[in-house]
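K.L.:
Below are the chains, spelled out letter by letter.
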Amino acid sequence: MKISTFVFTFKQGFKNIFRNKIFSLATIATIAACIFLFGVFYSVVENVRYSIEKAETNVAVTVFFDEDITEARIQEIGDMIRSRPEVASVEFVSAAEAWETFKLDYLGEYADGYEGDNPLEGSENFEIYLRDVSKQTELVNYLGTVQGIREINHSDVTANILTQFNRLLSYVSLGIIGILLAVSLFLISNTVAMGIAVRREEIGIMKLIGATDFVVRSPFLIEGILLGIIGAAIPLVAVYFIYNNIIIYASQQFAILNDLMQFKTAREIFSVLIPVAIFLGIGLGFLGSLITVRKHLRV
Amino acid sequence: MITLENVSKSYTNDGMPALNNVSLHIDKGEFVFIVGDSGSGKSTMIKLLLRELTPTSGRIIVNNFDLAKLRRRKIPKYRRNIGVVFQDFRLLKDRNVYENVAFAQRVIEVPTRQIKKNVPAMLSLVGLPEKYRSKTKELSGGEQQRVALARALVNNPPILLADEPTGNLDPRNSWEIMKLLEEINRRGTTVVVVTHNREIVNAMRKRVITVKKGIIVSDEEKGEYIDED
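Sequences listed follow chains A and B, in order. Just so it is clear: in the first sequence, position 216 is 216 by the working numbering, and no numbers are missing. Just so it is clear: in the second sequence, position 144 is 1144 by the working numbering, and no numbers are missing.
No wet-lab data here; the hints were simulated from the structure. Cβ coordinates follow ideal geometry from the N, Cα and C atoms, glycine included. Take the hints with a grain of salt, since some may be wrong.
Said to hold, decoys possible - Among the chain B residues that face chain A by a calculated CB cut under 10 Å, a handful are:
1. PHE1065
2. ARG1090
3. PRO1157
Can you make the complete structure from the sequences, with help from the hints?
P.N.:
This is the structure:
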């Protein structure tokens, strides 16, 4: 394509937006509605997932050692556990640290009677945190085979609930994405049908003059891409303000939920949402134009 | 330049053909009227020549292009050999006169510098040099048809097809358009005019091909519009 043709094509694509204002507005509104729904859904799912991840990182498996174990063996066991892929981190808790924590959590001022004494002597342990809580059983089975480990404390119920909730969230996400996709396609097919009526004559004239399919198609595709970008930008701005206000409001008004529900910052959400939404907008605009023009190219 | 050999075109398998075993030849530089009443097959002939349709049987050769063998991607190149004007003008209503004529050059990727020379020259030829900024909806029917003619001719095609070019015009404008077509023909372009304007056909004394129910019933040099009855 010659440079002058490219410039002309780009200008035509841009001008087309204003030439067919109603069609352009309908296309922008359709794309914006689809991306707005996607943005809201993505923000909700990401935050739920984030909260689950946070909860998972607090689920620990604790192992206690045989009474006559050497420090070297403890070190060795620690290295073995750290080398496992499902393990995120391992923290060694000495008997003294365990007793200090116990005193703080449960005894308070009554701890004075135990001065100089450590009833938790011999209860030094490893607290093991997992990358993926669904692998807890696998890890516990492994720990059961390790020489020098006397006892393993873990909560199957918590791990199972979190695992199952995560799975449920995946299924619900897939289902809602499917519904959103179907709604988007329905809306876009209606908008495209309107576009076809507007474009029929113009495409016919271009073809009779001797324009190649590429030359006919290009301004419409550029128009579609531009409409897609505009259609993506509007809901992104809207979702950004809504999201920011919601997390500020929720953290102020429902402070009690802070331990239960963790919000991602707008920056974290939008670092993914902006490129995905722009890509979706361009994709929808491009596809809509392509379908519109294809129907009329066989003249 | 234009040859039809035993061309038939049916739109349905069992219906009557729109064109039935038609053969004709038009030489380079000729001015030819194709006449006939509605449903005679004139428009089908135009669509076949524009390669909008393909014949059910027979062979069409235009300016050395065998239309039956023409691949889809070669159709645009073929159509650049033919300028075409229609009864309803088919101008882009949201663009001005200059843009409508320039559009024909843009789509075949003529450089902008060249377009700026060609379009005013063509608007002068059709008598609209001062109207280049006007929107087409602000023009009279005659002026719109002149713009359509300028668009059809700006790429300098060897053939001009005019499908009922005076169908929407009053007698004065009709004659002005016909005079323009005659002038264009004098400059070397082969002109084929499909019409049922008896007065113009009879006055101009050109070759007249009469089509009736898909069959050529007469083909005469300096002919006249023959009544169907």
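K.L.:
With reference to the structure, classify each hint as holding or not holding.
P.N.:
Going through the hints against the structure:
1. PHE1065: Violated: closest Cβ of chain A sits about 12 Å from B:PHE1065, beyond 10 Å.
2. ARG1090: Interface hint status for B:ARG1090: holds (5 Å vs cutoff 10 Å).
3. PRO1157: Nearest chain A Cβ about 9 Å off; hint holds.
When held up to the earlier numbered hints, the structure conflicts with hint 1 and nothing else.
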